[in-house]
Structures are given as structure tokens and as C-alpha cells.
Amino acid sequence: EAGVTQFPSHSVIEKGQTVTLRCDPISGHDNLYWYRRVMGKEIKFLLHFVKESKQDESGMPNNRFLAERTGGTYSTLKVQPAELEDSGVYFCASSQGRTSGEFFGPGTRLTVL
Amino acid sequence: AQKITQTQPGMFVQEKEAVTLDCTYDTSDQSYGLFWYKQPSSGEMIFLIYQGSYDEQNATEGRYSLNFQKARKSANLVISASQLGDSAMYFCAMRDPAYSGAGSYQLTFGKGTKLSVIP
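Taken in order, these protein sequences are the chains called A and B. Under this note's numbering, the first residue of the first sequence is numbered 1, with each subsequent residue one higher. Under this note's numbering, the first residue of the second sequence is numbered 114, with each subsequent residue one higher.
Derived by calculation from the structure, the hints in this document are not laboratory data. C-beta atoms are modelled at their ideal positions from N, C-alpha and C, and glycine is treated no differently. Careful: at least some of the hints might be erroneous.
To list a few chain A residues with every Cβ distance to chain B over 10 Å, as calculated [what the hints assert, rightly or not]:
{"id": "1", "residue": "16"}
{"id": "2", "residue": "18"}
{"id": "3", "residue": "55"}
{"id": "4", "residue": "71"}
{"id": "5", "residue": "73"}
{"id": "6", "residue": "80"}
{"id": "7", "residue": "84"}
{"id": "8", "residue": "112"}
Taking CB as the label site, the calculated pair distances span [claimed, not checked]:
{"id": "9", "chain 1": "A", "residue 1": "14", "chain 2": "B", "residue 2": "128", "range": "38 to 48 Å"}
{"id": "10", "chain 1": "B", "residue 1": "154", "chain 2": "A", "residue 2": "38", "range": "12 to 22 Å"}
{"id": "11", "chain 1": "B", "residue 1": "197", "chain 2": "A", "residue 2": "28", "range": "31 to 41 Å"}
{"id": "12", "chain 1": "B", "residue 1": "177", "chain 2": "A", "residue 2": "30", "range": "21 to 31 Å"}
{"id": "13", "chain 1": "A", "residue 1": "64", "chain 2": "B", "residue 2": "169", "range": "44 to 54 Å"}
{"id": "14", "chain 1": "B", "residue 1": "118", "chain 2": "A", "residue 2": "71", "range": "34 to 44 Å"}
Using the sequences and the hints given, assemble the complete structure.
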């Protein structure tokens, strides 16, 4: 069974540009999460989808971040326009239930210059 | 508010020895879940073990066990018979609430402990 996949693995963009990150969860997992780790800090929650609905987006830093999960399958996270402080590793995770651990993807390392 | 504290930025352990990674948490809720993840140098996050707040037995998964002391709000990870491949960052995390239908499902992470296994 394929795990959670993320694309791209690395992205280097200039301040002001737009970047879109993609996550493909494990097949059949209704829960999809986005997390971010800025260098030297804790991994922080961004948002949570249940199927195609946003269950909780309290962690989204501002309106430059837009997440979608059309059809309840893969998800995209768009940053527009990107700022220097957006640099970090963006993790996607999926799970079936509340008591199971999330399965994380390998992350996308975003560098904003 | 939830908070996870991992007081050990780095730990060293001799191969084949056991090691305990500390984690304390702060929550006012009665229902919650505790998790440990491993992040090797390759970057992926690997789920290791889960403990529910109402579970009476400490969770175990192979060489991993979770020393859950609810009154002290601690959920230490014990790795027995350390192997070189155990060298990685280890993150403690909490989901609150674990069992109720309301609230957020998000995980709150600690800052992590970097474990180095010495041959």
C-alpha cells in the first residue's frame, strides 16, 4: 500500500511568487492534515480536512495560505504571495480515525529567498 | 491550551542499552491521546506508538514502550536494546480530545529530542 506522498520534495522561490504544494493521502483515509515546521521550532498544525470539508483551519497563519481538497482525495496548499517567513518544511498527514496515528508524508522543503 | 515539553534537546545511548526520552504535557481535558514519532535524517515522520488517556495499560510496540504516568502528566518513550538505526529526532505529540466528537483533531508537538546511538 502506498504511503502519503507529497510533491515537490523541494521548492525554492523568490519572495512574492506563488507556490502550490500537493499531497496525496493514503487511499481511504478521510482525515488529511497539513503541518509546518519552521527551522528550530515545533511542528505546527495548519489545517485538517475530513473528506473534502475543512474541519479545522485554526492553524493557517494568514490569508496568503489557501488549502483545497477537491473530491476528498488529494489536497493542495497554495502560498500566494510567498514571504520569507514561510520557509520551512510542510508536512501532509492522513489517518482513518481519531485514535490512530497520522501517517506523514516525506514533507516539502520550501525556501523563500 | 495544550503544551508538550521535551526537556532533552539531545541524548546519547550506547548500542544495545535502553534509553528513556522524556515528555510532559499540559492539558485541562480528561480525554486525550499521546503519540510518539521518529524523524530520521531522511526527514519523514514515522509513527511509533499511541497511548489514550483512559488506557490503563502502558502502550507497547516492539522495542518501544510508553511509560504513561497520568497524575504526573508524563508520557516518556522507552526504547529497549537501542540500535544504530534508532538515531533520529523523536517527537512527542498530543491530540486533544481523543474520543469526543467535538473539537480539533490536531496534534500538538514538542520540540523534539535528538537521539544518537553510539556503537
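We went through each hint and held it up to the structure:
Non-interface call for residue 16 of chain A relative to chain B: holds, since the shortest CB-CB distance, roughly 27 Å, exceeds 10 Å. At roughly 24 Å from the closest C-beta of chain B, the C-beta of residue 18 of chain A stays outside 10 Å, upholding its exclusion from the interface. A Cβ of chain B approaches the Cβ of residue 55 of chain A within 10 Å, the least distance being about 7 Å, so the stated non-interface status is violated. Residue 71 of chain A, annotated as away from the interface, keeps every beta carbon of chain B farther than 10 Å; the closest lies near 21 Å.
The claim that residue 73 of chain A lies off the interface holds: its Cβ sits roughly 19 Å from the closest Cβ of chain B, which is beyond the 10 Å cut-off. In this structure residue 80 of chain A is separated from chain B by more than 10 Å, as the shortest Cβ-Cβ distance comes to about 24 Å. With a minimum CB-CB distance of about 22 Å to chain B, residue 84 of chain A clears the 10 Å threshold, and the non-interface call stands. For residue 112 of chain A, the non-interface assignment is confirmed: its Cβ lies about 19 Å from the closest Cβ of chain B, beyond the 10 Å cut-off.
Under the hint 38 to 48 Å, the C-beta atoms of residue 14 of chain A and residue 128 of chain B, about 46 Å apart, fit the expected range. At about 19 Å, the CB distance of residue 154 of chain B to residue 38 of chain A agrees with the hint of 12 to 22 Å. Between residue 197 of chain B and residue 28 of chain A, the C-beta spacing of about 35 Å keeps the proposed range 31 to 41 Å intact. Distance hint for residue 177 of chain B and residue 30 of chain A: a CB-CB separation of about 27 Å, consistent with the stated range 21 to 31 Å.
With their beta carbons about 46 Å apart, residue 64 of chain A and residue 169 of chain B fall inside the hinted range of 44 to 54 Å. The given range of 34 to 44 Å is respected by residue 118 of chain B and residue 71 of chain A, whose C-beta atoms sit roughly 40 Å from each other.
Violation of the numbered hints given earlier is confined to hint 3; every other hint is satisfied by the structure.
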